[in-house]
Amino acid sequence: MSDAPLIEVRNLTVDYVGANSVSRAVNGIDFDIRPGEAFGLAGESGCGKSTVAFALARLTRLPGLVSGGAVRFMGEDVLSFSAERLRRYRWSEVSFVFQSAMNALNPVIKVSEQIEDAILAHRPRASRAETLARAAELFELVGISPRRLDDYPHQFSGGMRQRICIAMALALEPRLIIMDEPTTALDVVVQRDIIEQICELKARFGFSVLFITHDLGLMIEFCDRIGVMYAGELVEVAPASAILTAPQHPYTRALGRSFPPLSGPRFRLEGIAGSPPSLSALPEGCRFSPRCGEAIPVCVRLAPELRPTPATGGEAACHLLQ
Amino acid sequence: MSLAAMTPPAASEPVLEMRDVDMRFVLGGLVGKHTTLRALSGISLKLTPGRALALVGESGSGKSTCARMLARVYEPASGEISFRGTDVATLTGKALTDYRAQVQMIFQDPFGSLNPTQTIGYILERPLRLHRPGLNGAEVRAESEALLAQVGLVPAAEFLKRRPHELSGGQRQRVAIARALSVNPTVLLADEPTSMLDVSVRLGILNLLEDLKREKNLAALYITHDIATARYFAEETAVMYAGHLVEQGPSQAITDQPRHPYTQLLIAAVPNPKNKITGAAVRRAADIPLWTAESRGCPFAPRCPRATDICREIMPDPTLVGDGHTARCHHL
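These protein sequence lines are chains A and B, in that order.
Just so we're aligned: 527 in the numbering used here is position 270 of the first sequence, and the numbers increase by one with no gaps anywhere.
Just so we're aligned: 743 in the numbering used here is position 264 of the second sequence, and the numbers increase by one with no gaps anywhere.
Derived by calculation from the structure, the hints in this document are not laboratory data.
Among the clues, some could well be false.
Unchecked claim - Quick list of in silico lysine to aspartate or glutamate cross-link-like pairs, DMTMM-like style, CA-CA up to 25 Å:
#1 B:755 - A:373
#2 B:695 - A:527
#3 B:753 - A:527
#4 B:525 - B:690
#5 B:755 - A:472
#6 B:753 - A:397
#7 B:753 - A:294
#8 B:755 - A:407
Stated by the list, open to error - Here are the computed distance ranges between Cβ atoms for each label pair:
#9 B:761 - A:360: 49 to 57 Å
#10 A:367 - B:553: 46 to 54 Å
#11 A:577 - B:644: 36 to 44 Å
#12 B:609 - A:357: 35 to 43 Å
#13 A:407 - B:761: 23 to 31 Å
#14 B:609 - A:360: 24 to 32 Å
#15 A:441 - B:594: 42 to 50 Å
#16 A:276 - B:609: 25 to 33 Å
#17 B:538 - A:407: 58 to 66 Å
#18 A:537 - B:785: 36 to 44 Å
Stated by the list, open to error - Here are some of the chain B residues that sit facing chain A, going by a computed Cβ distance under 7 Å:
#19 614
#20 618
#21 619
#22 622
#23 674
#24 707
#25 708
#26 748
#27 750
#28 752
For each residue, glycine too, the CB sits at the ideal point set by N, CA and C.
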């Protein structure tokens with residue numbers, strides 16, 4: 258892993274524009290994804306994880322609006338890409354695997370054609386034989402027999418459809434694959450197979466992954482580093498193992514306490530009381546303070562900033578850490 | 480015979496019981512060309528007041544079919560379901576209405592299970608008026624408010640006026656629970672009640688169900704594919720595969736010392752933050768076999784690392800492997 262980041266996100270701000278209101282879904286976040294790294298974004302529904310992912314791929318559409326900050330891909334400013342540059346950026350440099358494999362595939366077109374389409378859109382001079390050979394190769398990579406290339410999406414199980422989506426994401430050998438809840442709809446055994454497959458492919462091809470899931474256990478197992486988001490802000494960034502063993506932010510700790518363990522004594526977990534604030538009525542000071550059991554007077558006045566946390570080698574935004 | 484007239488069972492006695500229940504579905508419509516799917520094969524389960532039994536297994540293993548049979552949506556092809564000693568299949572008229580009130584379901588999707596055009600007040604009022612006709616208007620309202628307070632939706636008067644789309648997923652699931660409680664049930668059948676909810680909300684719903692189970696001495700069936708929440712909420716866990724119960728016992732014993740190869744596979748697949756994924760990918764997932772009239776042996780045999788010839792011929796009976804812990808495997 259080299260030190261130069263593949264993706265740098267600086268002060269990224271994304272708004273959702275209403276008729277007479279603007280909600281800030283992502284409020285000035287900073288993080289890097291290094292080459293070959295799996296970076297996870299954790300947090301409750303609505304915290305802005307997927308909004309960040311969409312902004313990185315320049316897929317934000319109205320009413321969403323990237324209103325500030327920068328995204329740099331290998332030093333280039335992604336937010337000012339021309340249409341032509343953007344076309345090269347999407348899919349051949351950064352590809353996407355969505356949660357719902359059912360909706361990501363066209364039900365009336367053979368999967369081979371869908372894979373070939375993705376290749377041809379970016380490699381217009383490729384011959385039919387070449388694209389077909391590549392599709393077969395991709396099927397092999399994700400563990401599906403190339404004999405099934407001419408089948409339609411409905412002829413595959415949910416897990417296989419998600420494998421096909423991963424194959425499509427790999428088609429042009431991108432540097433980064435954004436995976437937004439790639440295994441959430443799947444059974445646990447299928448999920449295990451797919452996540453191991455992704456790990457194997459990642460080791461082989463060296464791409465980076467931006468991984469989004471609400472399953473913190475899975476994220477810690479798969480990712481190298483994790484950013485924890487709350488109400489549109491990053492509250493902690495740390496190596497994956499530290500999220501469990503040495504969580505610095507009270508929200509990270511509370512999130513960790515929301516998952517019943519599979520071993521040890523059975524006892525009652527309290528999780529996180531309350532629910533995240535509405536983006537149109539954000540609290541003063543630290544956004545987590547109304548739900549935080551450890552809040553002190555300064556928390557409700559002043560928003561804390563991310564500061565290095567020597568204990569984890571990461572960063573956290575909490576007044577208690579000073 | 481009215482069910483209410485029967486004496487409530489002692490705490491250790493099951494209130495609702497499935498004995499050797501089989502369920503079949505006919506697949507394919509053409510005469511002489513159809514296949515009979517054996518959705519459940521010889522299922523025996525007991526639900527006890529104040530305790531929860533978790534049913535775990537992959538999609539298509541028959542978990543929801545079990546719940547639907549207990550709710551008398553389907554009649555068993557063979558075997559018996561008994562409620563406080565009475566065969567449920569014999570219930571008719573008033574006794575059946577009573578049974579339907581006593582055994583309540585909570586569904587996975589709180590977006591689909593509440594009528595979007597009605598207020599929460601109306602949604603709670605309906606079962607009260609149908610099953611407790613003695614209540615007058617003011618009593619119905621007071622009861623609705625008490626139910627909402629019980630599931631943590633306060634101020635209750637405020638929630639009565641709202642419609643489902645104004646509530647979050649967790650709040651909707653709380654309304655569904657309040658509706659189930661409105662008729663004073665003795666049994667709750669919860670079919671994946673938390674799988675569509677956010678993590679932080681999930682635990683709140685499980686804790687609420689836990690409190691209600693204790694306070695109201697409810698017998699609960701908890702269907703899930705999440706073996707960690709099964710262990711958290713349910714005292715006992717039963718593992719299903721292709722319509723067969725393959726292992727059953729205290730939840731902690733099932734997760735700490737799983738004995739059936741299928742249970743071991745399931746537990747190994749659960750994300751474990753203490754591990755790091757290493758090594759090459761191995762394919763473990765496979766389709767659950769279509770279990771038909773012709774199928775023989777152990778349904779897990781085609782996927783099982785320990786399978787031998789006998790496994791493909793005979794499904795073993797349950798073997799006692801620990802205190803109240805049984806597994807059905809030739810190679811324990």
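Outcome of the hint check:
1. B:755 - A:373: violated (35 Å)
2. B:695 - A:527: holds (21 Å)
3. B:753 - A:527: Measuring from Cα to Cα gives roughly 21 Å; hence the hint holds.
4. B:525 - B:690: holds (21 Å)
5. B:755 - A:472: holds (15 Å)
6. B:753 - A:397: violated (31 Å)
7. B:753 - A:294: holds (19 Å)
8. B:755 - A:407: violated (36 Å)
9. B:761 - A:360: 49 to 57 Å: Since the Cβ atoms of residue 761 of chain B and residue 360 of chain A sit about 29 Å apart, the hinted range of 49 to 57 Å is violated.
10. A:367 - B:553: 46 to 54 Å: violated (38 Å)
11. A:577 - B:644: 36 to 44 Å: holds (38 Å)
12. B:609 - A:357: 35 to 43 Å: holds (38 Å)
13. A:407 - B:761: 23 to 31 Å: At roughly 28 Å between Cβ atoms, residue 761 of chain B and residue 407 of chain A fall inside 23 to 31 Å, so the hint holds.
14. B:609 - A:360: 24 to 32 Å: With Cβ atoms ~39 Å apart, the hint is violated.
15. A:441 - B:594: 42 to 50 Å: violated (27 Å)
16. A:276 - B:609: 25 to 33 Å: Cβ of residue 276 of chain A to Cβ of residue 609 of chain B: about 43 Å, so the range 25 to 33 Å is violated.
17. B:538 - A:407: 58 to 66 Å: Because 26 Å falls outside the window, the suggested range is violated.
18. A:537 - B:785: 36 to 44 Å: For residue 537 of chain A and residue 785 of chain B the Cβ distance comes to about 58 Å; the hint is violated.
19. 614: With a minimum Cβ separation of about 33 Å from chain A (threshold 7 Å), the hint on residue 614 of chain B is violated.
20. 618: violated (32 Å)
21. 619: violated (29 Å)
22. 622: violated (27 Å)
23. 674: violated (10 Å)
24. 707: Holds: closest Cβ of chain A sits about 5 Å from residue 707 of chain B, inside 7 Å.
25. 708: holds (5 Å)
26. 748: holds (4 Å)
27. 750: holds (4 Å)
28. 752: holds (4 Å)
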